[in-house]
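Asker: Knowing the structure of chain A, use the given hints to seat chains R and V on it.
Residue numbers (full-length UniProt numbering), protein chains in the order written: chain A, 1 to 428; chain R, 1 to 335; chain V, 1 to 326.
I should point out that these hints are in silico values taken from the structure, not numbers from a laboratory. These numbers come from a predicted model, not from an experiment. Be a bit skeptical, because a hint or two may be false.
[Stated by the list, open to error] List time: in silico DSSO-like cross-link candidates among lysine-lysine, alpha-carbon distance up to 30 Å:
1) A:Lys117 to V:Lys244
2) V:Lys108 to R:Lys103
3) A:Lys138 to V:Lys108
4) V:Lys251 to A:Lys114
5) V:Lys252 to A:Lys138
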Amino acid sequence: MATEVLMPKLGATMEEGIIVSWMANEGDLIEEGDPIAEIQTDKIVLEVEAETTGYLLKTLFEPGTTVNVHEVIAYMGDENEPVEISSTAVSEAPAPQVVLENDAKPRKTPAANKLAKENKISLSSIQGTGPNNRIQRKDVEDYLKQQSSSITPLAKKMAEDLHVSPNEITGTGHNGKITKQDVLASTQVPTIVKEETQSNVTKTPLKGMRKVIAERMAESYYTAPHVTLSVEINMSECVALRKQLIPIIEKETGHRLSYNDLMIKAVAHTLSKNKSLNISLQKDEIYQYEDVNVGFAVALDEGLVVPVIKNADKIGLSGIVNSSKQLVSNIKSGKLHPEYFEQGTFTISNLGMYAVDTFNPIINQPQSAILGVGRIVEKPVVKHGEIAIDPTMQLSLSFDHRIIDGAPAAQFLTDLKDYLENPMKMLV
Amino acid sequence: MSNQLKGVSNQLINELNLEKHDLTKMMYDMILIRKFEENLKQLYQQGKIHGTMHLCIGQEATAVGACFPLTKEDKITSTHRGHGHSIAKGTDVNKMVAELLGKVTGYCKGKGGSMHIADMEVGNLGANGIVAAGLPLGTGAALTSQMKKLGYVVLCFFGDGATNEGAFHESLNLASVWNLPIVFFCENNLYGMSGSIKEMTNIESIAVRGASYGIPSETIDGNDILEVIKATTAAVERARHNNGPTLIEANTYRWEGHSRSDARKYRTREEEKEWKKSNDPIERFKTVLLENGIITEDDFAELNEKAIKQIQDAVEFAESSESPSLDTLMTDIYV
Amino acid sequence: MREISYSEAVRESMSQMMREDEDVYILGEDIGVYGGAFGVTSGMIDEFGPERVRITPISEAAISGCAVGSAMTGMRPILEIQFSDFVVIAMDNIVNQAAKMRYMFGGKAKVPMVVRLPSGSGAGFAAQHSQSLEAWMTHIPGLKVVQPSNAYDAKGLLAAAIKDDNPVMFYEHKMLYNVKSEVPEELYEIPLGVADIKREGKDVTIIATGLMVNRALEAAEQLAAEGIDVEVIDPRTLVPLDEKAILQSVKKTGRVLVAYEAVKRNGFGTEIVSLIAESDAFDYLDAPILRLGGAEAPIPYNPELEKAAIPQVHDIYQKCLELLNR
Numbered sequence: 001m002a003t004e005v006l007m008p009k010l011g012a013t014m015e016e017g018i019i020v021s022w023m024a025n026e027g028d029l030i031e032e033g034d035p036i037a038e039i040q041t042d043k044i045v046l047e048v049e050a051e052t053t054g055y056l057l058k059t060l061f062e063p064g065t066t067v068n069v070h071e072v073i074a075y076m077g078d079e080n081e082p083v084e085i086s087s088t089a090v091s092e093a094p095a096p097q098v099v100l101e102n103d104a105k106p107r108k109t110p111a112a113n114k115l116a117k118e119n120k121i122s123l124s125s126i127q128g129t130g131p132n133n134r135i136q137r138k139d140v141e142d143y144l145k146q147q148s149s150s151i152t153p154l155a156k157k158m159a160e161d162l163h164v165s166p167n168e169i170t171g172t173g174h175n176g177k178i179t180k181q182d183v184l185a186s187t188q189v190p191t192i193v194k195e196e197t198q199s200n201v202t203k204t205p206l207k208g209m210r211k212v213i214a215e216r217m218a219e220s221y222y223t224a225p226h227v228t229l230s231v232e233i234n235m236s237e238c239v240a241l242r243k244q245l246i247p248i249i250e251k252e253t254g255h256r257l258s259y260n261d262l263m264i265k266a267v268a269h270t271l272s273k274n275k276s277l278n279i280s281l282q283k284d285e286i287y288q289y290e291d292v293n294v295g296f297a298v299a300l301d302e303g304l305v306v307p308v309i310k311n312a313d314k315i316g317l318s319g320i321v322n323s324s325k326q327l328v329s330n331i332k333s334g335k336l337h338p339e340y341f342e343q344g345t346f347t348i349s350n351l352g353m354y355a356v357d358t359f360n361p362i363i364n365q366p367q368s369a370i371l372g373v374g375r376i377v378e379k380p381v382v383k384h385g386e387i388a389i390d391p392t393m394q395l396s397l398s399f400d401h402r403i404i405d406g407a408p409a410a411q412f413l414t415d416l417k418d419y420l421e422n423p424m425k426m427l428v
Numbered sequence: 001m002s003n004q005l006k007g008v009s010n011q012l013i014n015e016l017n018l019e020k021h022d023l024t025k026m027m028y029d030m031i032l033i034r035k036f037e038e039n040l041k042q043l044y045q046q047g048k049i050h051g052t053m054h055l056c057i058g059q060e061a062t063a064v065g066a067c068f069p070l071t072k073e074d075k076i077t078s079t080h081r082g083h084g085h086s087i088a089k090g091t092d093v094n095k096m097v098a099e100l101l102g103k104v105t106g107y108c109k110g111k112g113g114s115m116h117i118a119d120m121e122v123g124n125l126g127a128n129g130i131v132a133a134g135l136p137l138g139t140g141a142a143l144t145s146q147m148k149k150l151g152y153v154v155l156c157f158f159g160d161g162a163t164n165e166g167a168f169h170e171s172l173n174l175a176s177v178w179n180l181p182i183v184f185f186c187e188n189n190l191y192g193m194s195g196s197i198k199e200m201t202n203i204e205s206i207a208v209r210g211a212s213y214g215i216p217s218e219t220i221d222g223n224d225i226l227e228v229i230k231a232t233t234a235a236v237e238r239a240r241h242n243n244g245p246t247l248i249e250a251n252t253y254r255w256e257g258h259s260r261s262d263a264r265k266y267r268t269r270e271e272e273k274e275w276k277k278s279n280d281p282i283e284r285f286k287t288v289l290l291e292n293g294i295i296t297e298d299d300f301a302e303l304n305e306k307a308i309k310q311i312q313d314a315v316e317f318a319e320s321s322e323s324p325s326l327d328t329l330m331t332d333i334y335v
Numbered sequence: 001m002r003e004i005s006y007s008e009a010v011r012e013s014m015s016q017m018m019r020e021d022e023d024v025y026i027l028g029e030d031i032g033v034y035g036g037a038f039g040v041t042s043g044m045i046d047e048f049g050p051e052r053v054r055i056t057p058i059s060e061a062a063i064s065g066c067a068v069g070s071a072m073t074g075m076r077p078i079l080e081i082q083f084s085d086f087v088v089i090a091m092d093n094i095v096n097q098a099a100k101m102r103y104m105f106g107g108k109a110k111v112p113m114v115v116r117l118p119s120g121s122g123a124g125f126a127a128q129h130s131q132s133l134e135a136w137m138t139h140i141p142g143l144k145v146v147q148p149s150n151a152y153d154a155k156g157l158l159a160a161a162i163k164d165d166n167p168v169m170f171y172e173h174k175m176l177y178n179v180k181s182e183v184p185e186e187l188y189e190i191p192l193g194v195a196d197i198k199r200e201g202k203d204v205t206i207i208a209t210g211l212m213v214n215r216a217l218e219a220a221e222q223l224a225a226e227g228i229d230v231e232v233i234d235p236r237t238l239v240p241l242d243e244k245a246i247l248q249s250v251k252k253t254g255r256v257l258v259a260y261e262a263v264k265r266n267g268f269g270t271e272i273v274s275l276i277a278e279s280d281a282f283d284y285l286d287a288p289i290l291r292l293g294g295a296e297a298p299i300p301y302n303p304e305l306e307k308a309a310i311p312q313v314h315d316i317y318q319k320c321l322e323l324l325n326r
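Chain A on its own, in the form it takes in the complex (with noise of 0.2 Å):
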């Protein structure tokens, strides 16, 4: 009996993911743990690694095809095994491209039949209702009412951002579904661009990780209306706190603590004083969070990812150092566990080790701020009423402003400020 390859749940939100590629042809023998698929979600690439030890018998859809989570997308069993396509599977499928036997064949009126041909709909998406499963002119038209509201989420928000009408947009989606790239493409104002005729271009597709990212960015930047707060911090504190933190907590954690880790513990406290940033919009709610779990960017060759460190400021520096140097060293050595990146309620963007003083970080949705961090350079500062040469570092503060107004932005910012400058207050 050939094993069923699913669609993984590769994380609480996921609903569909699409299989960039096989990584075996039908017909390989595959050993336990390696790769079958490379599945794209909304968040991250990965790969589908088979369970036990067999042979890839059928593969379900062609590369670029989105599936439902848990919909069967191949088979494994020995070696030239018959593959029985099981019912479940081809009522979900669409449109696979396997010769499915006449008795797989959905029961249908001609009535249904000249509906689903007109919407470029399969069928075999469809469940009749009709005496013997048949599927009627009913169940075309409720399937095409459910796919007509058929919109992602984020999509549908993004829609009424925009302003464009759901309708208006054509889904390329699993069934027609309206996804955010199909709303993104419908805002785009077609271009006349002259075609490239340098020679030494080299074209990549846009894939992977490098998608999401792109697909992310301009997810956020089109939909949230960033504000960005700046502010100067004096780091003479931090920076002799650091020093003295070193070589404690390398003792204790074989690490070194970097100014990173001190603006995770930093931007932790000030949140867990300023929940109002701790938010998030979704759909047509505001979630307000209690667990205050914050994301750095780590930046890899395929792109930037952000481990977050749940709880950051329920933990202790050292606790934030092992947690941030774990993930970091896993992320580096390839492994991307999608838990590493989920349940983020803010994030740090850091570029201090560049020649960077300030920059205007985008939100990483569905959070709703972002601070972004610089430089420390060493600069003339007005101190009681004297000119000194002190660190300092600019903090930019992005946010929604959809649902953060400036105030509260701005007090958290100034808190901020002030634990930085003042670092034994944290302990308070």
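Answerer: What follows is chains R and V alone, placed relative to chain A:
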């Protein structure tokens, strides 16, 4: 030919007091019918005639004699063996051959063929492929004449075989009770297809059946055209004067088989030879005309030549005519 | 408007046509002082006399041929066949003569006649006097076939049939003879080949003929009480058939029941089903087409058996529910 037969005809030619012109015309029509039928045999053998046909060679006297008393307004109904009836009633030979060749210039635009030649203009209500079907139709036509006071008479041709059909009996009864202007003219050629009338009925003559319906009836020598004329003239007059229908049984003989596919196993060649030799209606009429000085042998030869020529012309006309276009398949189904 | 019965409507139509056209006459068995087996011609002989209301011998073969012959020669006969079953005795004249004259004579003849055929079961006349053989006639090119379902239609269709230059088989239903409906007094024609939407609806189409039209309407009332909106189409003439009206309704509802009294097997409803299946209305079907027809048995005598032999109101009701998966 027996002297007895000759004697009757010589007596009749005086009694009927017919014009030379009419007698010659009748002689010509009989020859024409025979030449027409003989020519069809050839055309059939040449594969130019589709289907089948029923020839009336040997029955020329009944056809021509029965139609003689009829006016153009009077009507006939005919049978599957109807070419003679049509010619005698004045139907155009050209259009008949054209119909037999399935041409659009034929009487039925090539859609009827041998068994459905009809010509309403000369009162020919049509041959019929159904045995005895002409009798109720003729009865209806006679009813029209009566109801609309049109004064015409209907003569129904049918064979001996038809007299065992219910339609024969029902029609005679109906025509009798309604006193219709109709003549029921039975050509008893002894065979209904292969069935000898002697085997198919248990009566001496068909004419006795008229009595059952109160219809005056008689049996006549159908190969003596003058006897046919005499009997039919009386019947037509009776009908025209509202004295009701008449049944005439005219004895004759079908020289050919029933149709083109008949090996004639049900009768002897001797029987056929005897009829042809001693009871050919054309020879009998010719003899009477010669003996009474109406025509000469030269006149007869001339009539013969003329008939052959007319048939040749008809074949030429038919062969040079167009076939019906395929779109006529669906025309003339409804008015 | 005044109401008259179906048989009165048939009589009135014949009488009015006979007053209008001298060539129209009626012939048949016992149609004089007796008034015909069903009294349809009652009193007509008094007005028109025995010349034009011709009592015939019991000779279907002769009188049918006589009607054809007189039609060919200028009359417009109405032939009453006492029971439609007896038409089989007249079949040669109808099938081989009347229907084919025009065609086989190359368009040179016409046969303007009407054959009136009291048909159908329900009166306890058993197997030889209760049949519905209209489908036989629809098979014959050259014949028109009419099947009115109420008095109004009967009058107008008969007038059109009498005026028609083709042989028309006019199927009357003996169980409808006493059914009254509103009928205008003046003469009017309903063109042959135009169906009537007897009831408009959107959920199910019932295409019914003859008596079944009335039963379909009754069933539709019951179904309406359950919120089912039934459309009832009465073709009124089977040949020519108003295909457009049928297909339009099918496209509208997508669910079809064809109901007829004749034996189900090869009854005319079978033709209607084929028509739908072959047409572009097929794509609109949302359920298999269903048929209700008579039992494939001779009509029995016993009243309960006789009832069971043909579709009843409840059968139609049930089939509609079946069409709607209810």
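Asker: Are the hints correct? Go through all of them and say.
Answerer: To see whether the hints hold, each was checked on the structure:
1. A:Lys117 to V:Lys244: Holds, at about 25 Å.
2. V:Lys108 to R:Lys103: holds, 16 Å
3. A:Lys138 to V:Lys108: Judged against 30 Å, a Cα distance of about 55 Å means the pair is violated.
4. V:Lys251 to A:Lys114: holds, 12 Å
5. V:Lys252 to A:Lys138: holds, 14 Å
In summary, the structure is inconsistent with hint 3 from the numbered list given earlier, while agreeing with all the others.
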